[in-house]
Amino acid sequence: MFEQWIENAANFHKRRSGFQKGSVFNPTGYSQEVPPNRNPIVSEKILPSEKKKMDLCPLVKNILLLDSEGKRVAVKYYSDDWPTNSAKEAFEKAVFTKTQKTSARNEAEITMFDNYVVVYKFVQDLHFFVTGGENENEIILASVLQGFFDAVGLILRGSVDKREVLENLDLIFLCLDEIVDGGIVLETDADVIAGKVASHSMDDGAPFSEQTITQALATARERLTRSLLT
Amino acid sequence: MAQPLVKKDDDRDDEADYSPFLGIEKGAVLQEARVFNDPQLDPRRCSQVITKLLYLLNQGETFTKVEATEVFFAVTKLFQSKDIGLRRMVYVMIKELSPSADEVIIVTSSLMKDMTSKTDMYRANAIRVLCRITDGTLLTQIERYLKQAIVDKNPVVASAALVSGIHLLQTNPEIVKRWSNEVQEAVQSRAALVQFHALALLHQIRQNDRLAVNKLVSSLTKGSVRSPLAQCLLIRYTSQVIRESANTQAGDRPFYDFLEGCLRHKAEMVIFEAARAITELNGVTTRELTPAITVLQLFLSSSKPVLRFAAVRTLNKVAMTHPMAVTNCNIDMESLISDQNRSIATLAITTLLKTGNESSVDRLMKQITNFMSDIADEFKIVVVEAIRSLCLKFPLKHRSLMNFLSNILREEGGFDYKKAIVDSIVILIRDIPEAKETGLLHLCEFIEDCEFTYLSTQILHFLGIEGPKTSDPSKYIRYIYNRVHLENATVRAAAVSTLAKFGAMVDTLKPRIFVLLRRCLFDNDDEVRDRATLYLNTLGGDGAVVQTGEDVKEFLFGSLDIPLVNLENSLKNYEPSEESFDIYSVPREVKTQPLAEKKAPGKKPTGLGAPPAGPPSTVDAYEKLLFSIPEFANFGKLFKSSAPVELTEAETEYAVNVVKHIFDGHVVFQYNCTNTIPEQLLENVTVIVDASEAEEFAEVASKPLKSLPYDSPGQTFVAFEKPEGTPAIGKFSNMLRFIVKEVDPSTGEAEDDGVEDEYQLEELEVVAADYILKVGVSNFRNAWENMGADCERIDEYGLGPRESLAEAVNAVIDLLGMQPCEGTEVVPNNSRSHTCLLSGVYIGNVKVLVRLQFGLDGPKDVAMKLAVRSEDESVSDAIHEIVASG
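Chains V and G supply the protein sequences, listed in that same order. Residue numbers for the first sequence follow the working numbering, beginning at 1 and rising by one. Residue numbers for the second sequence follow the working numbering, beginning at 1 and rising by one.
Check each hint, because a few of them may be wrong.
[Claimed, not checked] Just a few of them, taken from the derived set where beta-carbon distance is under 8 Å, the chain G residues facing chain V:
id: 1; residue: Pro20
id: 2; residue: Leu54
id: 3; residue: Asn58
id: 4; residue: Val92
id: 5; residue: Ile166
id: 6; residue: His167
id: 7; residue: Ala200
id: 8; residue: Tyr237
id: 9; residue: Lys304
id: 10; residue: Trp784
If you are wondering where the hints come from, they were derived from the structure by calculation, not from laboratory data. Note that beta-carbon positions come from the ideal geometry of N, C-alpha and C, so glycine has one too.
Taking the hints into account, I'd like the entire structure generated from these sequences.
Okay, here's the thing in structure tokens:
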């Protein structure tokens, strides 16, 4: 009797391990959370921590700057929702096509799709986007967008178009770096952002807080024109 | 004229395409990166190269491991330069390269030097970079500096340290938790963003300590938070505290005053955050909602699309639970129908459709009509679905709503949109009897000019079923016969079948139908001619008007009870000979096809014998399956099949669920088994049922499953006899018995010898609800009056203490297994009494209507008055019996 029981227990153990091997193949189709085109290892490693990581703190999922044909000018992703470059490109294409026909030149516009909230604003041949999760406070996202948009305007001294942006791409990258860090909003005040970006060509040792923004911008500008001539 | 225009475009494109990065190439840039190694560094040139590298990465280019390492080492050399601009690019570059642990060591000392530098900008950025790339061991070395940085007087440095702390908390919580004092000091900072970042970090450090969070919230809500972002965070934390302390009885909700106060904040993001938090409170009362709705209403007329969107999206959600609270905003909402932003307009429409009352429907429809023409199909589908549910809510308004649907059906639109409209009309026809005739006519008009073959055939099929039952079937004939002239072969064939159905059902129309069918004999398509010939013969088209036989009707209207795959195989195997093809020789058993099951049900254009439009009922599928098994063929008509009940825990080695099939005098358990072990093949699978706790049941048959391979579900059946027509109940314990064979996973071959094994399943119960069908009625009051009080039984019951009124209502609905009518299963929050209407069909096909009146008796006790009307008083008594013993 007892031996039989032991035998059964052993059997049970064998089956369990058998199942666990099989579970990778997902025989029942129950766990659909992982989309097929995603690398399961990556999402397993990062998703839970991201979920735990402040579901309460406002988070930015990405900031996109595209041209009038939807091509990438400068983008920054802060979320693992788009693990591959092709996933990113697909998202950019979808966002672009969806917003293309709207006019977002005066006020920032907003749309929602695939469970993301996207706020956007256009100027010349440039399209600015900020994406957040489904339940994000739309107005916080809009303030991030406005901060980015205005900071770029300050840095480029008002002549904002694709060509200017590409010629000052280093400043745009720095600008993105100053607005959001790992999804958390660092700064939304355009003056402060532009100030931090422009401060970077000043003499060594001088604290940037002592410089005025206009001074900083002027030096930045000068340095760039020089760099373009060489 | 066109020529110069195009040219101009080209010119502009050339100009637009100019870019400093034109023709940039990874290999060349990596070569250029050698300047980083020059003894005399040129900061400007180095900066340019880094920008190019960043550009490449940004465009999706990837570096191989070797390339990345090389670039990283080269970049580290640039720390020698004193140029601030270059240093900033170096920081960004290092973050992008995310170096491995052994590489990090190279830059650690440089970054630590920058971290203690006098330049604030160096310090802030070095902190961010270092924390991004570092691991735990290094963290203890720099902890001292980070703590200092948190309370640094420069806000940029403090924010950098705090944000890094938020990220590090995920990997090194025990270290970051030691910074609590400094973080707390930073919460009081005068700099807005520092306060925000400090609050976020502080909450995260304490998030698992509910008491500490509580204290944090109650001290901060007294008002020392200045930054709008920090205030938003505080609102979120406050709602969390409110949620978790939900069951403080009666009185005012803690912290509600704080939330309400935030509605008067000067920053829009705070106002909105607070308004949204209030609408999402558990069991929010109308009084609590009002101030939040008021500020959202103001946002509705804002000039900023983002504010309008945020407000209308929130109000849309509120409308689902508290439609009345939102009605105040209806006028503002209506003006949003013409909003430039279509997302806003669509949300406004669907909100209005949810809050609208019967009297406003007509006006609303007028406005929507203008709106529909200029939005995308995907939005239109949302609106169509909202209108469908509105129509089901107000059946009396079906005329104007149906008109609206038929109007938009005539306008331009893609397939999905048209299908959504047709589906809605079909559902309305089915659920609202009064809407049937107009609905059918609208569909007829639609197929006069329909470009989608699929929709045409579906509608023709539906017409064939519903049309003959109307008061004047002849008026549909013209529309149907027009199809025979004007359409492609598929639609023509469908039209011929529909004509035949009219002929079969309506004897007076028969001669005319014969004339039309004879004309179809000259069609140039084989299928159309064949069908016409077939129907002429089956209906007796030799001129004599005869009563249509039952078997003909069965042939025309019955469903094909043979799996199409099996039929196809049999037909392929059939060799032309003297002997004609015998349809009864086709095997009826559904072969297990794991792949086919996962696919969505096919949506091919269907001809004869296809299931009617609308979702195919699972009961039909079960019925077919059961009748294909000879042992069960004589059980009579299937009364009800339950939803599958799981008999195993999720993720066990064998997954088994059971479906209870109730017949008049029998019960059949269908065990759906899935083997989740790739290394095993199960054979001879049966379920051993112990019915000792179900006295009235006697096992009569059992059908084992021959083989159950991995991941390919199969069924085994056990049948019981029970007293005829009575709701016998009982408990059954189940044991899965089988022969298990090892399978070599690489070859998929099973060993010859197997071992007998058993596997314990959970118990299964047959309950009273299994004998009642959920059948709804569209107008409960009418049905109730018509039923009369002859067999009415009324009694009162005490249900004892209950969690809430809603919980009591759901418990009774589940117990009876009847269909709630007119949305009465939803109990409004905080109500102290509730009436719930149920309808169903009792075994023996007896209609039953139930009116339940619930009331709170004391703080928690629920009392219920149960009124039952049915066609048979013994059934009314039986319902009371169920409640009394439940």
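Hints versus structure:
no., hint, in the structure
1, Pro20, "holds, 6 Å"
2, Leu54, "holds, 5 Å"
3, Asn58, "holds, 6 Å"
4, Val92, "holds, 5 Å"
5, Ile166, "holds, 6 Å"
6, His167, "holds, 5 Å"
7, Ala200, "holds, 5 Å"
8, Tyr237, "holds, 7 Å"
9, Lys304, "holds, 5 Å"
10, Trp784, "violated, 43 Å"
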